[in-house]
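Q: Hints in hand, dock the two standalone chains.
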Amino acid sequence: MMDPVVFFFLLGLVARIARSDLRLPEALYEALAVYLLLAIGLKGGVQLAQQPLAAVLPHALAAIALGAAIPLLLFPLLRAKLSRADAASIAAHYGSVSVVTFAVATSFLARQSIDSESHMPLLVALMEAPGIVVGILLARSGDRERIAWGNLAHEVLFGKSVLLLLGGLVIGALAGPEGIQPIAPLFTDLFKGALAIFLLEMGLVAGGRIGDLKRAGPFLLAFGIGAPLALATLGALVGHLVGLSTGGTALLATLAASASYIAAPTAMRIAVPEANPALSIGVALGITFPFNIFVGIPLYLQIARWIGGS
Amino acid sequence: MDIHPRRMLVIIGESALEKMLVRDARAFGAHGYTITEVRGGGERGDREGRWEADRSIEMKVICEADVAARLAEHVLASYAPNYAVTLYTAEVGIFRPQKF
Chain A
338 MMDPVVFFFL LGLVARIARS DLRLPEALYE ALAVYLLLAI GLKGGVQLAQ
388 QPLAAVLPHA LAAIALGAAI PLLLFPLLRA KLSRADAASI AAHYGSVSVV
438 TFAVATSFLA RQSIDSESHM PLLVALMEAP GIVVGILLAR SGDRERIAWG
488 NLAHEVLFGK SVLLLLGGLV IGALAGPEGI QPIAPLFTDL FKGALAIFLL
538 EMGLVAGGRI GDLKRAGPFL LAFGIGAPLA LATLGALVGH LVGLSTGGTA
588 LLATLAASAS YIAAPTAMRI AVPEANPALS IGVALGITFP FNIFVGIPLY
638 LQIARWIGGS
Chain B
-7 MDIHPRRMLV IIGESALEKM LVRDARAFGA HGYTITEVRG GGERGDREGR
43 WEADRSIEMK VICEADVAAR LAEHVLASYA PNYAVTLYTA EVGIFRPQKF
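Those sequence lines, one after another, are chains A and B.
Residue numbers for the first sequence follow our numbering, beginning at 338 and rising by one.
Residue numbers for the second sequence follow our numbering, beginning at -7 and rising by one.
Do not rely on the hints blindly, as some may be mistaken.
[Claimed, not checked] No more than 20 Å apart at the CA atoms, straight line, and that leaves these computed lysine to aspartate or glutamate pairs for EDC-like: (1) A/K497 with A/E367; (2) A/K497 with A/E363; (3) B/K91 with B/E40; (4) B/K52 with B/D16; (5) B/K52 with B/E83; (6) B/K11 with B/E50; (7) A/K497 with B/E10; (8) A/K551 with B/E40; (9) A/K551 with B/E35; (10) B/K11 with B/E65; (11) B/K11 with A/E492; (12) A/K418 with A/D549; (13) A/K418 with A/E611; (14) B/K11 with A/E611; (15) B/K91 with B/D16; (16) A/K529 with A/E367; (17) B/K52 with B/E29; (18) A/K551 with B/D38; (19) A/K497 with B/E44.
No lab work stands behind these hints: they were computed from the structure.
Computed from a predicted structure; not experimentally measured.
With the rest of the complex left out, here is chain B (with noise of 0.2 Å):
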């Protein structure tokens, strides 16, 4: 079975973003995402997830490497100034490019 490079885009920020982060996603040009509630703590913080105003999620996107970019770029320009964000990529393997 043929296995096929594609990037996958890793967002970790506050769940007040992620309504916007959905739309931003598929205006990129995303085909998919999953997102799952996580808690953690930076240098500004722990975020427990004890509360609506201190949920966080992780939201994974996996696309061709030009939606990554440009999708982060725009995740780092309009959200990072003032709310807690992480972002990271990976190289990963999937078996339906069709679907990614």
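Okay, chain A solo, but in the shape it has when bound (with noise of 0.2 Å):
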């Protein structure tokens, strides 16, 4: 039985589809995001408090390195059919990662018992930005446009994905788990519920973007499906290869897998304006997010599950 979760996004699919009246306020959008960030970040954090440094540096230096590492396996692949700009644009939006995924994937990952590493969600803030800087200096290779390094920073390191999951680890990991306790129903017991509305509203979002696919034509419908599972497999690779767990190499194949359509459009429009963000966004939200929800996650278990021969 597939995860309930997943069938709100469906629903917001159909109705955007079948052109409901169906408009969630902004207010809430913005307000789950908040949320669903902060959370995750806090769950984390209380854990991360009793890890010992040298348990989590290694994964941690792995996350970062395949991050950057995603743009550059991607880029002469998209670069065959692409504008630079464009093939950049998109090879970066896969480097960086989509928190929601990740968060689908940790309810998956519950609802059969399978644990993971509590510093799970300390990787998902250090690989928002690796991805971004590599697909930039891919763009701008070969042109001697001056990059504004100093507004970058700022928007990717200070954006709300970053800000708030590494906010969440620190006030995670200084209130320890008696300290949480009286926020927790807020933060631990509603997660699930916030996170089924904020599917619905990604439903709307994406079932918009179907025109972009059309015209995305189908070497980048094709691209939305296959870079997944090969990132998917090589995250897997690299999960356990640094010693994670079963669900922890299934964490990391996913965020592998997944692509950010929040950290990296908002980046990606300021430092590559030239690049068209219909392509980008509709391959990154109209197909790999669907994909990686209803097919990608428990195919990315499997394949954790076979790469540690268990």
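A: Next up, the structure:
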């Protein structure tokens, strides 16, 4: 049985395609995004405090390296069909990560009672930026135009995704399991319900990108499914090599397979304005996101099991 | 009460431009600005304002005619080639000339 939260995504998609008047207030979308990021950070932070740094460090470094390597692998492939700017922008979206895909994956693992490392949310925060930076370098290599790194660093590091994930981790680590008790009813117990409403909105948004997909053509359609499969396998191999548990390996595979649609579009719009956002967002949100939550996540757990030999 | 003529420049564009537009308006000599979130559509599709990458803003700047002209020229040259941008101007009457 599929995790019921993903059906909310389908409901949103159907509503959009049927031209329903359903429209969630933008303030609710914004509030839920803040809530989900904080909740994921807090949950990881509480347990992170009890971990020795030496256990976390190799995983953290592997995650950063994986995030930076993904755009380098995808760029030559995309460049065969697309302009330099578009290829670099799409590569950056896949190098960065989707927090909601991660949330769906943790919810999927929890339903199966599969444990994962408590510092996985830290890896999410660490994987947001490297792919974006590499993508910008790919777009700008060969031209003399100056890149405003100061503005970009501010945009990415103090953007809400990284700020709230890291902020939640720190607050959780400082508060500890007992300190977090008074706010746990909001941040832990209500998490899945909030995720369901957020996915409803994501369905409405993704349904609106279907027009972009028609313009994107068969190459990007195939890329939107092929890339996450290949990247998940790479992520699972890396996870296995650095000694993550089966659950942790499945989550790292999911992170590698996911494409950002919050941090990356904003950063790329400013840094590489000549890239067409309809292509990158269309493929990331219109194809890869639904593919990952319906087909990918269960498959990535299988891949993690095969690679781990269990 | 005297009414003084000024030029109002309205810039409708992607939210990603907001910080740059505010900086430009100040740099070209505008004393103030007003920004609201909007949604709409054009030849290249609809912008519904549902999420981060889909938001649009409308910026109103009331200023001297030459400031409006220079700011509009800069916006058209710098952003119009790659971003969704709409500009128009209108004559407006204001009551406190020192403010604009």
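Q: Does each hint hold? Answer for all of them.
A: Verification of the hints:
1. Proximity of A/K497 to A/E367 is assessed by CA-CA distance (about 10 Å); at most 20 Å being required, the pair is judged to hold.
2. Among the hinted pairs, A/K497 with A/E363 is consistent with the structure: their alpha-carbon atoms are about 16 Å apart, no more than 20 Å.
3. Distance hint between B/K91 and B/E40 is unfulfilled; the C-alpha atoms sit about 34 Å from each other, more than 20 Å.
4. For the suggested pair B/K52 and B/D16, the alpha carbons sit about 13 Å apart, so the restraint of at most 20 Å is met.
5. For the given pair, B/K52 sits about 13 Å from B/E83 by alpha-carbon distance, which is consistent with the 20 Å threshold.
6. Taken as a hint, the B/K11 and B/E50 pair is honoured in the structure, with Cα atoms around 13 Å apart against an allowance of 20 Å.
7. With a C-alpha separation of about 17 Å, the suggested pairing of A/K497 with B/E10 holds against the 20 Å cut-off.
8. Restraint check for A/K551 and B/E40: satisfied, since their Cα atoms lie roughly 19 Å apart, inside the 20 Å limit.
9. Our distance criterion of 20 Å between C-alpha atoms is met by A/K551 and B/E35, whose separation comes to about 16 Å.
10. For the hint pairing B/K11 with B/E65, the CA-to-CA distance comes to about 18 Å; that is within 20 Å, so the pair holds.
11. Among the hinted pairs, B/K11 with A/E492 is consistent with the structure: their alpha-carbon atoms are about 11 Å apart, no more than 20 Å.
12. Distance hint between A/K418 and A/D549 is fulfilled; the C-alpha atoms sit about 17 Å from each other, no more than 20 Å.
13. Straight-line distance between C-alpha atoms of A/K418 and A/E611 comes to about 16 Å, which keeps the hinted pair within the 20 Å bound.
14. Proximity of B/K11 to A/E611 is assessed by CA-CA distance (about 18 Å); at most 20 Å being required, the pair is judged to hold.
15. Distance restraint check for B/K91 and B/D16: the Cα-Cα separation of roughly 18 Å lies within the 20 Å cut-off, and the hinted pair is therefore satisfied.
16. For the hint linking A/K529 to A/E367, the alpha-carbon distance of about 17 Å falls within 20 Å, and the restraint holds.
17. Under the criterion of a C-alpha separation no larger than 20 Å, the hint pairing B/K52 with B/E29 is consistent with the structure, at around 12 Å.
18. Of the pairs offered as hints, the one joining A/K551 and B/D38 holds, with about 15 Å between alpha carbons and a cut-off of 20 Å not exceeded.
19. Proposed proximity of A/K497 and B/E44 is supported: the alpha carbons are some 11 Å apart, at most 20 Å.
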